[in-house]
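2 protein chains.
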Amino acid sequence: MEEMINFTVGPVMSDDIVKKIGSQNTPYFRTAEFSEIMLENEKLIKKFAKASADDKVVFITGSGTASMEAAIINTLTENDKALIINGGSFGERFVQICNIHHIPYDEIKMEMGHGLTKEILDKYDNKGYTTFIVNIHETSTGVHYDLDLIHDFCKKNKLFLIVDAISSFLADEIEFTHHGIDIMITGSQKALACPPGISLMVLSKKAQKRIYDKETCCLYLDLKEALKNGERGQTPWTPAVTILLQINARLKEIEVNGGAESERKRIKALADDFRNRIKNYPFEIVSDSMSNAVTPLHPLNVSAYDIFLTLKDEYGIWICPNGGELKDKVLRVGHIGALTISDNDKLFAALDDMKKRNLL
Amino acid sequence: MEEMINFTVGPVMSDDIVKKIGSQNTPYFRTAEFSEIMLENEKLIKKFAKASADDKVVFITGSGTASMEAAIINTLTENDKALIINGGSFGERFVQICNIHHIPYDEIKMEMGHGLTKEILDKYDNKGYTTFIVNIHETSTGVHYDLDLIHDFCKKNKLFLIVDAISSFLADEIEFTHHGIDIMITGSQKALACPPGISLMVLSKKAQKRIYDKETCCLYLDLKEALKNGERGQTPWTPAVTILLQINARLKEIEVNGGAESERKRIKALADDFRNRIKNYPFEIVSDSMSNAVTPLHPLNVSAYDIFLTLKDEYGIWICPNGGELKDKVLRVGHIGALTISDNDKLFAALDDMKKRNLL
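Chain order of the listed sequences is A and B. Just so you know, the first sequence maps onto residues 5 to 364 in my numbering. Just so you know, the second sequence maps onto residues 5 to 364 in my numbering.
Hints are computed from structural coordinates only; laboratory data are not their basis. Check each hint, because a few of them may be wrong.
It does not matter which identical chain is meant; a pair holds if it fits inside one copy or across any two.
Quick list of in silico lysine to any residue cross-link-like pairs, SDA-like style, CA-CA up to 25 Å [as the list claims (entries may be wrong)]:
1. K85 x E265
2. K331 x S39
3. K213 x I289
4. K162 x M8
5. K333 x T35
6. K283 x H302
7. K60 x E219
8. K232 x A36
9. K331 x P31
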């Protein structure tokens with residue numbers, strides 16, 4: 005079978021160097037050799053996130069949700085008051101996590117497809133918040149929020165800032181120290197373009213202090229254990245070793261190819277090419293503030309989910325469907341992973357053919 | 005570089021079919037195709053665990069510890085009273101989890117290297133326990149506990165039975181229904197011989213009822229979500245898709261080769277061969293009740309950790325070191341994963357050479 009082309013938002017396609025590591029046996033990991041690799045992973049993530057010397061990186065074997073929950077339960081208490089940007093199912097997930105763990109919060113329910121504005125944030129000025137929580141790219145609807153605006157607001161209100169950048173890291177500009185971020189989350193299967201199974205967090209000094217001050221309420225997600233073991237390049241529990249080796253190879257490859265900025269430009273070029281060409285097809289872009297990682301589209305004539313199924317079953321192409329009430333209305337086309345302009349060509353050729361067959 | 009031979013207790017070596025899947029792109033997974041694979045995984049795990057039609061299997065992206073904690077927090081409450089077999093660092097981990105989550109418990113601290121006896125258990129008869137928790141193979145010290153004894157005790161005392169069989173499943177006899185087990189845990193990187201990153205649980209009807217009756221206290225480890233999504237062969241969060249595909253290939257391979265019983269016999273033959281031959285070397289076996297998965301050894305003349313380092317650095321062989329106070333005293337040789345008698349030959353050739361060099 006010919007290999008599928010993957011335009012989803014993750015898992016995405018991997019480079020040969022990542023796939024080669026997947027083809028090998030997993031090494032034993034309680035060794036100096038593996039510790040060295042983990043410390044290099046930390047160093048390169050910090051470099052690409054533009055973090056500072058005192059910041060730390062921890063790696064969790066789990067999906068992005070594991071790190072979202074770990075961030076909340078290790079740093080917030082019932083004495084905090086969080087402000088959550090809720091613009092879709094991932095914002096809703098932070099709300100759910102705060103509910104389960106009795107963290108006081110208010111949420112800003114965003115209108116679908118729209119970015120943040122200063123006017124929206126101004127209403128929440130000086131209201132006693134301690135913490136700001138945002139999925140900087142609300143992947144479910146393809147809306148990217150303005151980090152400069154958020155940074156200004158947090159600085160003015162002295163807020164602890166938690167940024168889920170799972171699908172945004174390496175695709176959009178994000179500067180950990182400059183933007184005053186305390187926790188930044190990402191995952192292995194997005195722009196890092198490795199198999200899913202690892203999520204990771206960059207932690208500021210302030211975040212580390214909050215972690216050490218708080219009593220453990222979940223052993224597996226305890227970041228005190230992760231930080232302590234991380235000092236020597238290890239993890240408290242057996243991690244997804246192979247994926248951590250793949251992340252290492254991928255980070256070094258990005259470094260060799262010019263670093264995070266070059267990777268961002270590469271992804272942006274793919275997104276720009278796609279967005280220019282999709283104008284001639286019966287779709288409407290449904291976000292006024294996009295990440296480079298994904299384009300959310302509303303098909304004008306047919307069901308979004310039907311397009312997903314036809315592309316998958318008849319053209320060997322995955323695009324990303326939506327769930328729930330957006331299922332028939334919205335589909336998403338990703339620009340991360342080992343994609344090229346020639347893959348865009350193949351997607352548009354498929355759309356041309358579908359148009360001819362009256363399937364668009 | 006020639007590939008290392010891996011005699012650790014996990015991650016272990018994988019078959020070609022598993023490595024081939026690792027060499028491929030991760031597919032998009034919110035599809036009917038992936039659901040089918042997951043339902044097949046559930047079916048084969050249930051078959052190999054000798055579970056019943058009403059039992060369910062859930063897959064957690066995380067290490068074994070994630071499933072150990074998920075088992076406790078989803079089924080036990082402050083009204084339970086658990087009896088924990090604590091024979092090493094994995095028994096201690098259950099104690100730690102019960103402490104964090106305020107689950108009342110008593111522990112039976114086992115003497116190192118010794119199995120359970122009826123006399124030990126009899127002392128805990130009729131003491132108001134609701135739950136029995138055991139690492140059936142305490143991997144840290146290589147002691148395998150008698151499941152028939154435990155089953156009799158639990159039956160008599162009507163106990164909910166949680167069995168961590170992480171390193172024992174497929175290596176030792178275990179019959180979910182016959183042994184009255186309510187939760188059985190295992191992981192991808194032990195006898196399943198896939199990369200680490202997935203742990204899984206078989207859940208009895210009684211366990212499922214406890215799960216649905218209990219309020220969620222951790223979103224990521226919420227087994228209600230896992231069970232609900234599992235009905236349609238999906239997971240609530242993006243799972244380690246590649247490892248789940250590898251588990252599928254491996255389960256089908258075991259099935260084709262005669263099922264769980266054949267795999268157990270294959271592992272036992274490797275363990276028996278090793279145990280017969282190690283008698284002629286300056287080691288003492290330090291367990292009176294072993295799993296087929298691993299042989300724990302005390303070297304009579306030199307440091308256990310030095311042997312680990314020499315084999316790794318000079319012979320291309322990993323054996324499993326111990327941590328903490330056992331570091332210099334005990335090492336472990338595993339018999340799970342894609343090992344053969346010819347690998348045993350290579351290990352003994354290395355030991356012969358070390359003997360000549362006065363390193364044993």
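Evaluated hints:
no.	hint	verdict
1	K85 x E265	neither (35 Å within a copy, 56 Å between copies)
2	K331 x S39	between (44 Å within a copy, 18 Å between copies)
3	K213 x I289	neither (43 Å within a copy, 45 Å between copies)
4	K162 x M8	neither (47 Å within a copy, 52 Å between copies)
5	K333 x T35	between (51 Å within a copy, 18 Å between copies)
6	K283 x H302	within (12 Å within a copy, 71 Å between copies)
7	K60 x E219	within (20 Å within a copy, 34 Å between copies)
8	K232 x A36	within (16 Å within a copy, 42 Å between copies)
9	K331 x P31	between (42 Å within a copy, 20 Å between copies)
Checked against the numbered hints above, the structure violates hints 1, 3, 4; every other hint is satisfied.
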